[in-house]
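Undergrad: Just need the whole structure built from these sequences, with the hints factored in.
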Amino acid sequence: MRRALLISLVACLITIHQARLIDRCDLAKLLHKEDMDGFEGYSLSDWLCLAFVESNFNISKVNENADGSFDYGIFQINSHYWCTDHQSHSENICHLECQELLRPNLLSTIHCARKIVSATGGMKNWVAWRMHCSGRPPSYWMTGCHLG
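In this text, residue positions in the sequence shown follow this note's numbering: the first is 9, and each later residue adds one.
It is worth saying that the hints were derived from the structure and are not from the lab.
The reader is advised that the hints may include incorrect statements.
Listed below are the simulated EDC-like cross-link pairs for lysine to aspartate or glutamate, each with C-alpha atoms no more than 16 Å apart in a straight line [what the hints assert, rightly or not]: (1) K123 to E99; (2) K123 to D43; (3) K123 to D45.
Simulated DEER-style distance windows between Cβ atoms [to be verified]: (4) H154 to D75: 37 to 43 Å; (5) A74 to G49: 29 to 35 Å; (6) G156 to L115: 18 to 24 Å; (7) R122 to N71: 20 to 26 Å; (8) P146 to H119: 22 to 28 Å.
For clarity, every value in this text was computed on a predicted model and none was experimentally measured.
All C-beta atoms, glycine included, are put in the ideal place defined by N, C-alpha and C.
TA: Rendered as structure tokens:
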């Protein structure tokens with residue numbers, strides 16, 4: 009019994025350790041610094057909402073899709089179109105390895121996200137953003153965040 013409990017505890021700690029979360033306001037500051045506020049008409053609130061609905065601010069999230077492609081990082085960027093993971097065919101429009109989207113500094117992620125929103129459809133390329141963020145009052149996402 010004790011052994012099973014210990015194994016369960018270790019498994020939980022490993023899972024918690026693997027998730028790299030970024031604070032909402034820290035993400036807002038980084039996005040602001042990288043000139044994402046107003047980029048292609050999208051506010052910092054749009055970006056924060058996207059990060060929340062896609063990954064719950066988890067930089068290290070990887071999700072497998074029904075078509076065999078994977079979504080990577082805080083914005084869940086898809087391997088079929090935007091990056092290469094060498095597991096399936098990719099158009100690799102962002103010209104990067106999908107693993108780069110899991111880096112804590114987020115610069116590769118931000119660079120690729122710029123390409124995605126510059127493409128036809130903008131943030132509507134993310135289904136979760138369309139369903140949960142588009143047309144919603146954005147005020148909550150920046151509450152308590154000081155960019156200066």
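Undergrad: Now look at each hint and say whether the structure bears it out.
TA: Hint-by-hint comparison with the structure:
Of the pairs offered as hints, the one joining K123 and E99 holds, with about 13 Å between alpha carbons and a cut-off of 16 Å not exceeded. At most 16 Å may separate the alpha-carbon atoms for a hinted pair to count; K123 and D43 meet this at roughly 14 Å. With a C-alpha separation of about 15 Å, the suggested pairing of K123 with D45 holds against the 16 Å cut-off. Between H154 and D75 the beta carbons are some 42 Å apart, a value that agrees with the proposed interval 37 to 43 Å.
Evaluation of the 29 to 35 Å hint for A74 and G49 yields a pass: the beta carbon distance comes to about 31 Å. Take G156 and L115: their Cβ atoms lie about 21 Å apart, and the range 18 to 24 Å holds. At about 22 Å, the CB distance of R122 to N71 agrees with the hint of 20 to 26 Å. At roughly 23 Å, the beta carbons of P146 and H119 sit within the given window of 22 to 28 Å.
The structure meets every hint from the earlier list without exception.
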